[in-house]
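Colleague: Residue numbers (this note's numbering), protein chains in the order written: chain A, 1 to 758; chain B, 759 to 1037.
Treat the hints as calculated values from the structure; they're not laboratory data. As the structure is a prediction and not an experimental result, all values here were calculated from the model. Errors might be hidden in some of the hints.
Facing chain B, from chain A, some residues (calculated, C-beta under 10 Å) [to be verified]:
1. 633
2. 748
3. 752
Quick reminder that beta carbons are idealized off the backbone N, C-alpha and C, glycines included.
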Amino acid sequence: MTLTAGVETRFGALGANANRPDGVAKVQGGFAFSSDMWAENMLWGATLRSPHPHARLVSIDVTAAWSIPGVECIVTAEDIPGEPNYGLIMQDQPVFARVGDTVRYLGEPILAVAADHPETCRRALAAIRVTYEVLDPVIDAERCIDGTAPPIHPQGNVFRHQRILTGDQSVIGEIQVEGTYEIGMQDQAFLGLEAALAVPDSDGDGVELYVATQWLHEDRKQIAACLDMPSDKVRLVLGGVGGAFGAREDISLQVHTCLLALRTGRPVRIAYSREESFYGHVHRHPATIWMRHHADATGRILRIESRMVFDGGAYCSTSPAVLINAVTHAQGPYKCDNATIDGWALRTNNPPCGAMRGFGVVQACFAHESQMDKLAAATGMSPVEIRLRNAMETGDRLITGQIVDSVAPVTRCITETDRIPLPEPLRDDAHELAVPGGTGLTARASNIRRGVGWGVSIKNLMYSEGFDDYSTARCRIADGAVHVKFATAEVGQGFVMLAQQIARTVLGVDDVFLDPIDTQVGSAGSTSASRQTWMSGGAVDAACRAVRDELLDRVANDRGLVRGELQIEGTNIVDSLTGTTIPVTEVVGKYDIDHTVEYRHPATEDLDEDGHGNCHVAFAFVAHRAVVDVDPDLGLVKVVQIATAQDVGRVLNPLSVQGQVEGGIAQGLGLAVMEEIIVTDGKVKNPSFTDYLLPTFLDAPTVDMVLIEEHEPKSPLGAKGVGEPPCISVTPAIANAIRNAVGRELPRVPVRPYDICL
Amino acid sequence: MRPRSVDHLLELLADTPEVSVLAGGTDMMVEINLHGRRPGTVVPIGALEELRHWEHHTRLGTVTIGAAVPYADMETGELAELVPALAQAARTVGSPQIRATGTIGGNLGTCSPAGDILPVLGALDGVIHVRHRDHSRDVHLSDFMTGVKRNALRPGEFVHSVTVPVINGWQGYAKVGTRNAMVISTASACLVHDADRGHVALALGAVAPTIIRATQTEAWLSTRVDLRGSFRVSRETTEEFGRRAASETSPISDHRSTADYRRHAVSVLARRLLERSAA
Ligand SMILES: Cc1cc2nc3c(=O)[nH]c(=O)nc-3n(C[C@H](O)[C@H](O)[C@H](O)COP(=O)(O)OP(=O)(O)OC[C@H]3O[C@@H](n4cnc5c(N)ncnc54)[C@H](O)[C@@H]3O)c2cc1C
């Protein structure tokens, strides 16, 4: 890995590596994930789910379950005191399906039980008789567009329709390329399964919920509405989170657990199995995208046309926002003046889809990067040339009319990636595990063809479309130490470490204590949209600065120094007038200082009917070059190397950035060649890690990365979010490399072996 | 119930109805945790030394492997040199954790058409030693495996060990899956060239309800090529060998793959294994 050295090199400060506060515990196995939580006198909860993708719920008979010793509580839709439905954007998803109403996906919760043991729960669920009148599932999203599918929900089958009409709609290119691309349903596949522990207040008026989530305050809002409680009676504490990737944005077991705890007056814990997890959270939208690019003879893009169809499954979740990301990123990181885009997010009886790392841009990028290679071929240019020919720059206008005022080093991303040396050719005597097929010993080097492919992407950062997006942080000097508090969900990305790095840098101390992550402070917003380093980092930075300013005020005052001459350098307060230095540790014990700050990013706007408006905050860019070895006869693939140059603004922690880049690449590789939830007639065929395949160590490529540091002036720390970009264009880069190796169109990911060889 | 010896185990098996043998547990625990299997009485056999042993009978030219020998013991070392195809198949099973505990007896107990050890036993004409308190019998894989996850074990019986010949000639195993390690077989093949007898045996996995021997294809090859000692084959022959092998299969389409792909993959594997054996 090549890294530009940071300015600050003090270990643990911004720009340097640091020790994660949760690191040792995680490595040694002592870290308590939410599935490890336990309370005295605790009951276990479990959820009964619909076995049908679409059915009328005729009746529920729980009599037999009640006769099982150890069963303490059964809750159904009738027991919900408040709002019966929840949802992030549209409150259309029932906490439990109601008798007389319909179930809309396989796995929809019907009721929950609490009992003295998980096995008792299992027996209770088996004893409950539910009568369904099975209905034909609506599984074809196209039928929701043409209206031939019956509405499966009172709010209709269209979550959102958005077009973008920009510039001259009649522009026809001398060169035109087109294709219809398909993206399969990917799962976030976090390792830490859904789990929560609800502890009722002794008076029964409130509840405390320990839960693995991405956004404590949004969960609280939705839970409080369903429980019909004031939000201060619902207190959330972050349970140890083992990955999220978007799958914890929607609530799943939160209301169920709280209801059971409030009804029984005892702590209740629910923990999903891997199979239940596949039914318990939303997935990445499968999509079908048609695109046509118009270009002149020199390869300059003149107009893009696209029709995007996103299958949102049974409930809305974040479908409208995912769709907006897709349509507004249809052009990719390229200049384009004219566009004709039509996008749909639709309701079907397939599994609900919502947020996943890359959030709509993954799908759009697979389409536009597939198109760029077709355009390269049609113009006789190389994949690199065609991309450089069209590369976007700061100041360019998006098809929404928004000016890209972020740092936009697209050309540098491409050229720096291009400069990374290619790997050695596959040698005849290559180690058997280095060849596609791996341990299966299916091929020798002579059976293999190598391919190279490119992908480049643009990704919006933070929440869009007028959302009041903010984060809160509190910094205190008390008892001689620095304390930082925030409600930012630490999902594995390392914000806890970054917060300490910020405080160390701003306040010049080495020890920074973090308060528990809970709802006892204002919202931090969601750990998603690559936003927390910018947003919560901005809030922590601002809170620490406020504390620092007051500290220096008081030191100046108490010691008769000139305030304007004092600043913190390293771990000392330096008086530039006299040159004297005072170690910060010497003064922190003397003061109590406390500041809470909310950080907001610049406001954004809604899109209008024609898809115009400054709807996004900022953008990050990345290029990927994939080298793959393919066995054309068996259709097996080994990704040999991913070269990447990513626009990161500023590296705040080199190891963390490297982790995000490598992890994102592994996830994008998964979508390219193996990860797919297979759904037939509304039924998930592979809800297990036996059959939902994730890349193993042997599938992971060498990653050679360059981090491009051009400080982003709009960002409080100069850094851009780095979480999503790594997983976006790597998928089409790999697909393009396979296409390059075998000469097939391969319009769909994951690319399956039989797509290559049959 | 914990058996003290193989004899004690045989008593327990004969006397206890509804008893299940537990070896490495890598299949059984999945059955219990995920598929609601509730075994009545469980008898763990992993601690019985006699079953964790393998032995080379130099005079007979065979190797006998105890049912509770884990894959990790087959991957490398002397056993791997004596029966290379077994080592290659063992190396494809699951992850290091699974290979440390999963056993050959468990693979036979489960008898999945995708079981990786089974094609090796098929191609080697291995003998499965089945023991009962009151009798013992030796069974070939083709008689042992009676269907998808069904075997010929009768109440009170268990697999004590298997015996395979040490063969002079090339042998190898190849397995297709959608990732480069730790994957259930989509299609697999084991080819064994017996240079002394002048025969090539080919067993195929995951392309029929049981492991199958491509006997017609084997016979066809014998008529085309003199397989005594080292041999050469033309590209045309290897391709025809692959095509013929595929035509002996009856694969299914499921969420893991399609029947067409399985048939195609097995033809490629058969062709490549024959090429390797001739090289
Ligand atoms: C993550 C994972 C990956 C896997 N990958 C593979 C793979 O790649 N290839 C593959 O082939 N398998 C794979 N398996 C399946 C499993 O590991 C193998 O089938 C293994 O050989 C089972 O052996 P065991 O000792 O664990 O059997 P157990 O689980 O102990 O037993 C399995 C069955 O066999 C019976 N049994 C055990 N021993 C005997 C005996 N001596 N006589 C009679 N019956 C017996 C048991 O009663 C039980 O019904 C995988 C399993 C897991 C969990």
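Colleague: Next, verify each hint and record whether it holds.
Modeller: Here is how each hint holds up against the structure:
Hint on residue 633/A holds. Least Cβ distance to chain B is approximately 5 Å, under the 10 Å limit. A cut of 10 Å between beta carbons decides the hint on residue 748/A: the least distance to chain B is about 15 Å, and the hint is violated. For residue 752/A, the shortest C-beta to C-beta distance to chain B is roughly 7 Å, which falls under 10 Å, so the interface hint holds.
Hint 2 from the earlier list is the only one contradicted by this structure; the remaining hints agree with it.
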